[in-house]
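Student: Listed below are the residues making up each chain.
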Amino acid sequence: MSQPVVYLDNAASTPLRPEALDAMLPLLTDGYGNPSGAHRMAREARRRIDDARDVLAAGLGCEPGEVVFTSGGTEADNLAVLGVHARHGGTVVCSAVEHPAVLEPVRHLGGRVAPVDCLGRLDLDALAELLDESVSLVSVMLANNETGVIQPLDEIAELVRRLAPGALLHTDAVQAFPWLDVTAMARPADLISIAGHKLGGPKGVGALVVRSGVTLAPQLLGGGQERGLRSGTHNAEGIVGLGAAAAATLDQLDETATRVGALRDRLADGLLAAVPDTVETGIAPGAADRSGKVPGSCHLCFAGIESEALLFLLEQEDIMASAASSCSSGAQHPSHVLEAMGYDRALAGGSLRLSLGHASTADDVEQALAAIPPGVARLRAHGS
Amino acid sequence: MRVLVAMSGGVDSSVTAALLAHQGFDVTGVTMKLWGGAQDTGCCSVADVDDARRVADQLGIDHHVFNFGDEFERFVVDPYVAAHARGATPNPCIECNRHLKFDKLLRRAGALGFDQVATGHHARLVETPAGRRVGRGADAAKDQSYVLHMLDQDQLARLRFPLGELTKAEVRDLAAELGLRTAHKPDSQDVCFISHTGGGRRRFLAERLALTPARVVNTAGARVGEVDAAELVTIGQRHGLGVSGAAEAQYAVDVDVPGATVTVGSRRELVVDASPVTALRWAGHPVEAVLVQTSAHGRVAEARVADGTVHWARPHRRVAPGQALVFYDGDLVAGSALAA
Chain A
1 MSQPVVYLDN AASTPLRPEA LDAMLPLLTD GYGNPSGAHR MAREARRRID
51 DARDVLAAGL GCEPGEVVFT SGGTEADNLA VLGVHARHGG TVVCSAVEHP
101 AVLEPVRHLG GRVAPVDCLG RLDLDALAEL LDESVSLVSV MLANNETGVI
151 QPLDEIAELV RRLAPGALLH TDAVQAFPWL DVTAMARPAD LISIAGHKLG
201 GPKGVGALVV RSGVTLAPQL LGGGQERGLR SGTHNAEGIV GLGAAAAATL
251 DQLDETATRV GALRDRLADG LLAAVPDTVE TGIAPGAADR SGKVPGSCHL
301 CFAGIESEAL LFLLEQEDIM ASAASSCSSG AQHPSHVLEA MGYDRALAGG
351 SLRLSLGHAS TADDVEQALA AIPPGVARLR AHGS
Chain B
385 MRVLVAMSGG VDSSVTAALL AHQGFDVTGV TMKLWGGAQD TGCCSVADVD
435 DARRVADQLG IDHHVFNFGD EFERFVVDPY VAAHARGATP NPCIECNRHL
485 KFDKLLRRAG ALGFDQVATG HHARLVETPA GRRVGRGADA AKDQSYVLHM
535 LDQDQLARLR FPLGELTKAE VRDLAAELGL RTAHKPDSQD VCFISHTGGG
585 RRRFLAERLA LTPARVVNTA GARVGEVDAA ELVTIGQRHG LGVSGAAEAQ
635 YAVDVDVPGA TVTVGSRREL VVDASPVTAL RWAGHPVEAV LVQTSAHGRV
685 AEARVADGTV HWARPHRRVA PGQALVFYDG DLVAGSALAA
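Chains as they are written, first to last, in my numbering: chain A, 1 to 384; chain B, 385 to 724.
Source of the hints: derived by calculation from the structure; they are not laboratory data.
There could be a bad hint or two in this list.
Stated by the list, open to error - With the Cβ distance kept under 8 Å, some of the chain B side facing chain A (calculated, not the full set):
#1 H448
#2 N451
#3 G494
#4 A495
#5 L496
#6 R556
#7 R665
#8 W666
As the list claims (entries may be wrong) - Using C-beta positions, here's what the derived DEER-type ranges look like:
#9 A274(A) with W666(B): 32 to 40 Å
#10 E457(B) with H108(A): 51 to 59 Å
#11 A359(A) with D487(B): 35 to 43 Å
#12 P15(A) with D487(B): 34 to 42 Å
The structure presented is a predicted model; accordingly, all values stated were derived computationally and were not measured.
Backbone N, C-alpha and C fix where the C-beta goes; we use that ideal spot for every residue, glycine too.
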């Protein structure tokens, strides 16, 4: 667990920031009061989570009272989709590239799925076809977890306002929050999901912004915490960890985006130059830059290989990366995102997701550049 | 030496991994994800992967999962359905071995730098002056050499079957001694991708084929009954043929799916002196007199193989088209063919 690794899987999870650990430790040792209680130990815990709430509110462009803490991004997404539908009925719509935490609830409700173009951006004309007065919720992620592609939320919101005026707009900003100004970019959204462990916070905690005026049905019933919207004893240590991680992230946002964006460019350009028959997803040919993707995302498809085999070889060199998603067995799943973008199964089967994060270094990039081209060459030679 | 052990989550492959690890090999376990979803209960389900992973954890070896679902669909499931559609017998375990375990997995192992692949099959790998041969395992009741008949010299050079000298009881005892969590896990039966709790083979095929109701006739051509799915009838089948009032037991002797006709006959009409075959293959030189096995755990019968035909020493029941016949020279696999 402690040997030096080259960690390029930040889209999956991120190293815990020291600020987060420092914030959490007191609650893990003698600050163990239940924030819902009446005595001063409880009130102390309550104060700490409300401080975290303030940080989140500032970072998401909402009021503290509009922040609902959850057990993570999946619960936040489920609360948005199932909660809105349970309260308002109607039809739910989402994009074809959403995380399963949005897609599965939408499918469960018999909702509509809007296609994307070959660059992974929502096809606005196709979306328009799916919008009508029956639509109660439209969910489109701000940035994609596989490709890093950013969706044009302003244009989507405009379309929704026109064609489905009663509909609420939800955005999964889990992958966007570490990199983008979510306050500005998610302004048109009524509901916003985030997750702690994608920004240097702990796992098991996230939040859903529910703007005032938006009503939904809680999915966890019980003691009435979070204004009745999400019952259950607060994961106080997780929440303060999330708050501290969010504060650090917001504080360093521009610097991190610039620094890591440059590392990502070096990595992507280097691999495109060194490995023949490589495609970079979500970037138009001849594009001037990668501003359509979050700065940490380097997502490629290598023709003629299988992701599983490449990831195995990279792990042997202590390089941690991923491709598509892992299903509950641990096997790699074919990517629904690449399928939605029109990639054929074989090319999509050779995808590699290298996701840099706040702790990534130039050395990480150099080691990846040294290991990946020979790995791909070896697999191509073996015909596997 | 780096050995990749195929671990299904069953006791056999668990003990295989344990034996090799204890013998000092550099062992890595892998489970092939071939079929099914998160809540599936068939073989190699998520629960089975968990078992394999936890056994690997107990043994201190790495465990990986490879998704070969596409290949499994293409080489095992689709042919299984297609065989039923034309009234032939499928051999899914043989095709899985041929295309997945001993092709795809073997190639992947080579690409990843492994020297050998090991499985928990009850079979031996025997070196003879004429080359490597697959031999029967020590436990006659559990012998799996039949499903390994297709392995060639190149493949056998890179394979190990550590359980070949052990009986099933010895394998379970070892598992228990080692405290492996799969020591008492029941063996999976039948076709791994068909759930018996979910309606079995009939339901599986009905979801993929329009099953053909057929008339049942005797060998004189007279109609004697009906079945609602010709695809589900096997040569030699006696029950479930919708036949009543016959003087002696009636067996399916022919299945014609396109013609929607199942022909039944007496025991006398079920047996033949010779069975034509296709896809005849010898492990080395052709062998004159062989013992022929026509199913995974069936009894052998003496025969001679000549002119694309298996000539039975004694009258033998018909073999369904597509069924694999494996020829043994003593306890070693000498060759194979498919019933025509």
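Student: Taking the hints in turn, state whether each one holds.
Tutor: Verification of the hints:
no.: 1; hint: H448; result: holds, 7 Å
no.: 2; hint: N451; result: holds, 4 Å
no.: 3; hint: G494; result: holds, 6 Å
no.: 4; hint: A495; result: holds, 4 Å
no.: 5; hint: L496; result: holds, 5 Å
no.: 6; hint: R556; result: violated, 26 Å
no.: 7; hint: R665; result: violated, 24 Å
no.: 8; hint: W666; result: violated, 28 Å
no.: 9; hint: A274(A) with W666(B): 32 to 40 Å; result: violated, 48 Å
no.: 10; hint: E457(B) with H108(A): 51 to 59 Å; result: violated, 25 Å
no.: 11; hint: A359(A) with D487(B): 35 to 43 Å; result: holds, 42 Å
no.: 12; hint: P15(A) with D487(B): 34 to 42 Å; result: holds, 41 Å
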